[in-house]
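Student: Letter by letter, the chains look like this.
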Amino acid sequence: MSTHLESVQAEVAAGTVELSYREAIRAALEHELEEDPTVLLMGEDVATAGGVFKTNEGLSDKFGHERVRNTPICENGFVGVALGMAVTGLRPVVEIMFSDFMPTAADALVNELPKFRFMSGGKCVVPVTVRSIGGATGRFGTQHSATGESWYIGVPGLRVATAATPASAYGLLRAAIRDDNPVLFLEHKALYSRKGPVQLGEVGILPIGPAGTLRSGSDVTVVATLLMADRTLAAANLLADESVSAEVIELRWLRPLDYDTIVESVSKTGRLLVVEEQVHAGGWGATVISELTMRGVPFERPASLSLPDDMLVAYSPTLEDAIVPGIDAIAAKIRSLVQA
Amino acid sequence: MTTTTEAARQTERTEWLRKMLEIRLFEERVQELFMEGKIQGTTHLCQGQEAVSVGAVGALADRDYLTTTYRGHGHALARGMSMEAGFGELMGLASGCCHGVGGSMHLTDFSRNLIGAFAIIGPSYSVGLGAAMSAKLRGTDSVAMAFCGDGATNIGTFHEALNMASVWQAPSVFVIENNLYGEYSPLRETTAVDDLADRAKAYAMPGVVVDGQDVDAVRSAAAAAIDRARGGGGPTLLEMKTYRYRGHSRTDPAKYRAEGELERWKQRDPIDLLGSQLAAAGVLTEAEQSVLRSDVQAVVDAAAAAAAESPVLSLEAAKGYVYAS
Chain A
5 MSTHLESVQA EVAAGTVELS YREAIRAALE HELEEDPTVL LMGEDVATAG
55 GVFKTNEGLS DKFGHERVRN TPICENGFVG VALGMAVTGL RPVVEIMFSD
105 FMPTAADALV NELPKFRFMS GGKCVVPVTV RSIGGATGRF GTQHSATGES
155 WYIGVPGLRV ATAATPASAY GLLRAAIRDD NPVLFLEHKA LYSRKGPVQL
205 GEVGILPIGP AGTLRSGSDV TVVATLLMAD RTLAAANLLA DESVSAEVIE
255 LRWLRPLDYD TIVESVSKTG RLLVVEEQVH AGGWGATVIS ELTMRGVPFE
305 RPASLSLPDD MLVAYSPTLE DAIVPGIDAI AAKIRSLVQA
Chain B
60 MTTTTEAARQ TERTEWLRKM LEIRLFEERV QELFMEGKIQ GTTHLCQGQE
110 AVSVGAVGAL ADRDYLTTTY RGHGHALARG MSMEAGFGEL MGLASGCCHG
160 VGGSMHLTDF SRNLIGAFAI IGPSYSVGLG AAMSAKLRGT DSVAMAFCGD
210 GATNIGTFHE ALNMASVWQA PSVFVIENNL YGEYSPLRET TAVDDLADRA
260 KAYAMPGVVV DGQDVDAVRS AAAAAIDRAR GGGGPTLLEM KTYRYRGHSR
310 TDPAKYRAEG ELERWKQRDP IDLLGSQLAA AGVLTEAEQS VLRSDVQAVV
360 DAAAAAAAES PVLSLEAAKG YVYAS
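Top to bottom, those sequences are chains A and B.
Under our numbering, the residue at position 212 of the first sequence is numbered 216, and the numbers go up by one with no gaps.
Under our numbering, the residue at position 294 of the second sequence is numbered 353, and the numbers go up by one with no gaps.
One chain only, chain A, in its complex shape:
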């Protein structure tokens, strides 16, 4: 175990600390494993060398290979195993290494986990958390760069969470593990080194449903998730120098989706931008705009900044950077909305 890890653990014991997003994930897993003997981790390489993204460092040493269990490479199979464990008294946390791999477990994610309690006539609970790591900008190429964040938001019975900050990562993951429903918990690989303050312990656990307002503003409401929320916050801070006041909402839950927070913000600013690391069609951004329109919220023509339609994420760093909205592009979009 590294010296750095030991120093982090010392801070963890003290309360609010500065943690990286990766350390926040690890702390959430560690705390749930400590507090609830029915919690266990499963997935490809989760017990080996701290996992591919080092989010599980030291956990298999501390809790053993029975509770931090490597699986073969068979997502649909081991998510099904988690379901069988969940309805017989355990609380498994399953890792799908890259979000691009989630569709290999689509039967379990779409047909089994969300429908199991319903079809049984409410006779069971399904406390399964499926963590998955997605997103572009890592030069991982076309099949290792999807966020997949909207693929499963139209599935009743499932919850979908995304984390954009270390505090969100800690608070939402612990909430997901404690929930008696299946939760798809999505992380972004470009955020693992991002640091931020985290309140540890019970007080740091976030509620299921509410979005988070990362920055207050009066000119425009910008809703984003994952890396796009991180970049939007940076863009909004830049624009403050130009006297453009952007309110940044991190959409932490895509199902259930917290429309009320967005409605309240847009009612104040009169403008809405959704920033998405996915194509706009079929995503949460379109759903948000649709819902606000149906509710009759008065706002100027809403806007979306997303991945280009009819295009895929390319490996080439230059191409990838041209495809994924950056801080400057987000700032320019916000500026154009406010100054229009």
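These are computed hints drawn from the structure, not numbers from a lab.
Keep in mind the model is a prediction, meaning the values are calculated, not measured.
All C-beta atoms in this analysis are idealised placements derived from N, C-alpha and C, irrespective of residue type, glycine included.
This list has only true hints and no planted wrong ones.
Now the stretches of chain A that chain B is said to cover, found in silico as 3 or more residues with beta-carbon under 8 Å: (1) 75 to 84; (2) 107 to 117; (3) 127 to 135.
Which residues of chain A face chain B? A partial, calculated answer using Cβ under 8 Å: (4) Gly88; (5) Gly93; (6) Asn185.
In silico SDA-like pairs for lysine to any residue, Cα to Cα no more than 25 Å straight-line: (7) B/Lys378 <-> A/Asn115; (8) A/Lys127 <-> B/Phe169; (9) B/Lys378 <-> A/Tyr263; (10) B/Lys378 <-> A/Asp183; (11) B/Lys378 <-> A/Asp264; (12) B/Lys378 <-> A/Ile157; (13) A/Lys127 <-> A/Asp183; (14) A/Lys58 <-> A/Lys199; (15) A/Lys127 <-> B/Lys378; (16) B/Lys260 <-> B/Ser225; (17) B/Lys314 <-> B/Arg327; (18) A/Lys127 <-> B/Leu152; (19) A/Lys127 <-> A/Asp184; (20) A/Lys66 <-> B/Gly198; (21) B/Lys378 <-> A/Gly126; (22) A/Lys337 <-> A/Asp223; (23) B/Lys378 <-> A/Arg299; (24) B/Lys97 <-> A/Gly126; (25) A/Lys337 <-> A/Gly142; (26) B/Lys97 <-> B/Ser308; (27) B/Lys378 <-> A/Pro260; (28) B/Lys260 <-> B/Gly290; (29) A/Lys58 <-> A/Pro201; (30) B/Lys97 <-> B/Val371; (31) A/Lys127 <-> B/Ala376; (32) A/Lys127 <-> B/Ala178; (33) A/Lys127 <-> B/Gln99; (34) A/Lys127 <-> B/Gly117; (35) A/Lys127 <-> B/Ser141; (36) B/Lys378 <-> A/Ile212; (37) B/Lys378 <-> A/Val129; (38) B/Lys325 <-> B/Ala276; (39) B/Lys97 <-> B/Asp311; (40) A/Lys272 <-> A/Gly300.
Got chain A sorted already, so can you dock chain B onto it with the hints?
Tutor: The following block gives chain B in isolation, referenced to the frame of chain A:
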């Protein structure tokens, strides 16, 4: 064998006969209720396969787990689900085991550790494995029996589950009901091996071919696999050679079967086989078996009538089943 043990064995076999008759007559009534429009959608009946349900499921202890498939009525009844709860479910009424929300393909009963009935092939094995691993991790000695059909042996989840079960030495018993047809297609057109139990070799576990029409043979094989799993010996794959008398589902007249095939299999009907043995052994005469059949028919009639008295679940109550609060 002492006289007392022999008497106990014959009493048990008589109970198996009754249970097989219950399943047979339950399924026949389901067919009738379907024709009357009281059961809708689809059903997958198991007439002809009763010895597998009674022999294998009956070998489990109460504390053991069971997962099954859309052709699961026999497994559910063998596990002790009441016929009324079964009929109610098929009729979509609140009296059903899942209050009418699940339907024919999802006869589950958590009070009897029948934890899943799957309408999509594959997860009966992975979820069953999860229950087995849960039992092991929680330090209990429960085992989990998982059913699938011959068609399911070609989907990835089947292989994924067997591999994990072997690697983890799970207390699992995997049962294949090989009724020779995956939906409408004969096994030989879709599958590279004749004996599905051969697939166990690839996962370093025992694979056993069993005469699925012989309830004694099924019981012996299942009991041995359960003992092995409970004793820490790991998983077993059992292939039950059997046959379904009806088509795949309600709309299937099964015209793809060779002429005379159905009749040949009926020569080895599991109920007739055991019945003739019991008669020959002087345990239960043909006349007594006739009375038994009438008794079971009366129970089936009463259960169907009682189930039909139930109201339909409210939409509000059904909504409450989507998420746990």
